[in-house]
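Heads up: the sequence lines are chains B and C, in that order. Read left to right, the first sequence gives residues 1 to 256 (our numbering). Read left to right, the second sequence gives residues 257 to 605 (our numbering).
Just so you know, the hints here were simulated from the structure itself, not pulled from any lab data. A virtual CB, placed ideally from N, CA and C, is assigned to each residue, including glycine. Treat the hints with care, since some could be wrong.
[As the list claims (entries may be wrong)] Residues from chain B that keep clear of chain C, each with C-beta distances beyond 12 Å, as calculated: (1) V28; (2) D46; (3) A101; (4) P150.
[As the list claims (entries may be wrong)] Distance ranges between label pairs, derived from CB positions: (5) D371/C to W165/B: 45 to 55 Å; (6) P87/B to A421/C: 26 to 36 Å; (7) A421/C to A64/B: 20 to 30 Å.
So you can see what is in the structure, the chains are spelled out below.
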Amino acid sequence: MNVGALSRPPSSRRALLISLSALLIALVVGMEQLAPLFRALFPDQDPAMYQRESFLDLTLAHLALVLVSSLISVSVGVAAGLFVTRPAGREFEPLVSTLAAIGQTFPPAAVLAIVVPVAGFGFVPTLVALVLYGLLPVVQNTVAGLGTVPSQMLEAARGNGMNAWQILWHIELPLAMRVIIAGVRVSVIINIGTATIGSTVGAKTLGTPIIAGLVGNNLPYVIQGAVLVGLLAIVTDLAFERLEQRFSFGDSRAAS
Amino acid sequence: MIELQGLTKRYGETRVVDDISLTVEQGEFCVLIGPSGCGKSTTLKMINRLIAHSEGKILLGGEDITTLPPERLRRRIGYAIQSIGLFPHWRVADNIATVPRLLKWPASRIAERVDELLALFQLDDEGLHDKYPHQLSGGQAQRVGVARALAADPDVLLMDEPFGAVDPLTRDTLQAELARVHRQTGKTIVFVTHDMDEALRLASRVALLNAGQLVQYDRPAELLVAPANDFVRDFIGRADLGLKLLSRRRVEAYCRPAQRTRNNAIASAPITWQVDADDRPMALLGGRLGESDIARTVVNTEWTATPEMSMKEALSRMVWFRVTALPVLDGEGRLLGEVTMSGVMGHRS
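Isolated chain B, as found in the complex:
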């Protein structure tokens, strides 16, 4: 990550988030207004503006796919991370870490190839691929985040009469939250990008114009899809950055 950007005052990060969000919304709603620009830049392309579906529909479908897959990744990932850090599940930690790692080393395209014959084309196989792909950062950061809570602090909590549930809810989760959210952030950003390949198996995403452009040798299509996906990822990343900062409590770990 860009160190210079991080050291800027938070107010300018906020301004950046707001202006990029505004730009994203404007492009999603008003991409068609840029048709003259694309025609001027690519005079040999006809049509120079993707018009089979509206960009608003594509963006919403893309977001729905990312949202549902991330919700599943996060619930499963956090639950798995919690399970392997409890006394009862500690011995499963290597197993779960390995499974999550396999999920991410497996290329999403290969997952699609396997799932399509089983689940058919469209939304479902893409969802499966995204869930598997997004699991690892969540599991890893949940385990790591819970691991950063000093053992003496847990002992103090126990010594003051908290039960295991109270320690988890009042101490461990709040203190691990920043690291867990960082994992969710990575997972969601990966999925925003990866969701585009769902269009190869018929899922409606912002990847649809990109694939259409690649197949039909139409560069404007590719640009229109890629700019929206890129902006979406940047805006989401900035939003997560602000969310993470809410859980810093001024301890040394937050200063990095």
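Chain B is already provided as a structure; the job is to place chain C on it using the hints.
Coordinates of chain C only, in the frame set by chain B:
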């Protein structure tokens, strides 16, 4: 009152705590001390069941601790460790309120209790109520830790090397404050440390452990005067046993009447204090090392003593300022009496 009866902790075949029996009376300040790995911390943690004991019994107020669910037991026993134990995402007031909240006290009572404890530890005038632990100095954080342990007004307080991570100056203040709080509240305290000076300063009874076994359980003075064996003598530190003994004793026990004069005429006694109209000492006549008996030394505020000062400090001042006597002053700076180099040997108490 806490009774340990044949308390043993085994990890496999190793007995880290081996058949310890001792009784800590109500209001006692018991310090568990010994070299690293002697089992002192394990013993402490068995009292609130952070560690389960293997054999023997622990009675708290006559009641076997295993009859209570561990969480309920721990809410009845204060527990303080190094300041890292404070919860960084909770304000000072929330940290102190930990146990009262678990006990579901009404909010008004909790707020009252927090204010009371902030006042007890002299933290109330610094606006610390709403601060977070990382905004506190080491000494303040440590006080908050002790205040948290006292929040639900437990009869018993367990402290595991609470002052281990603070600088010597702050530790000195914290020790004095803990001694004051102990006097004011009359709590039974079990305190783990590896610092003999800390133990001698705070304890009303010292339990010296070695290799899991209780070597000697005695009043600090007895430990110094009648060590049970060579291990005790070595652990206390043979070389400065005498000084340690003096550090336990106060100037008032050694103070004797001083010879006064209003002018600088040499009196009959070898040491005479020249005082002003208000009985404040102005100069010492005689009694300066390496000078003749008639030398006049102007009294400097740095080489005076108070009745509460330890004899070790008084002796140290005599050596440093090369005088054979210190004037003992009351709060107004008036001469109460004197302590002398030769008087250090004659202890009257």
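Results for each hint:
At roughly 38 Å, the least C-beta separation between V28/B and chain C is larger than 12 Å, which holds for a residue marked as non-interface. Separation of D46/B from chain C is adequate, the least Cβ-Cβ distance of about 60 Å exceeding the 12 Å criterion. Against the 12 Å criterion, A101/B stays outside the reach of chain C, whose nearest CB is about 31 Å from its own CB. At roughly 6 Å, the least C-beta separation between P150/B and chain C is not larger than 12 Å, which violates its mark as non-interface.
In this structure the supplied range 45 to 55 Å is violated for D371/C paired with W165/B, their Cβ-Cβ distance being about 30 Å. Between P87/B and A421/C the CB atoms are about 28 Å apart, so this pair conforms to the stated range of 26 to 36 Å. For A421/C and A64/B, the Cβ-Cβ distance of about 52 Å falls outside the hinted range of 20 to 30 Å, so the restraint is violated.
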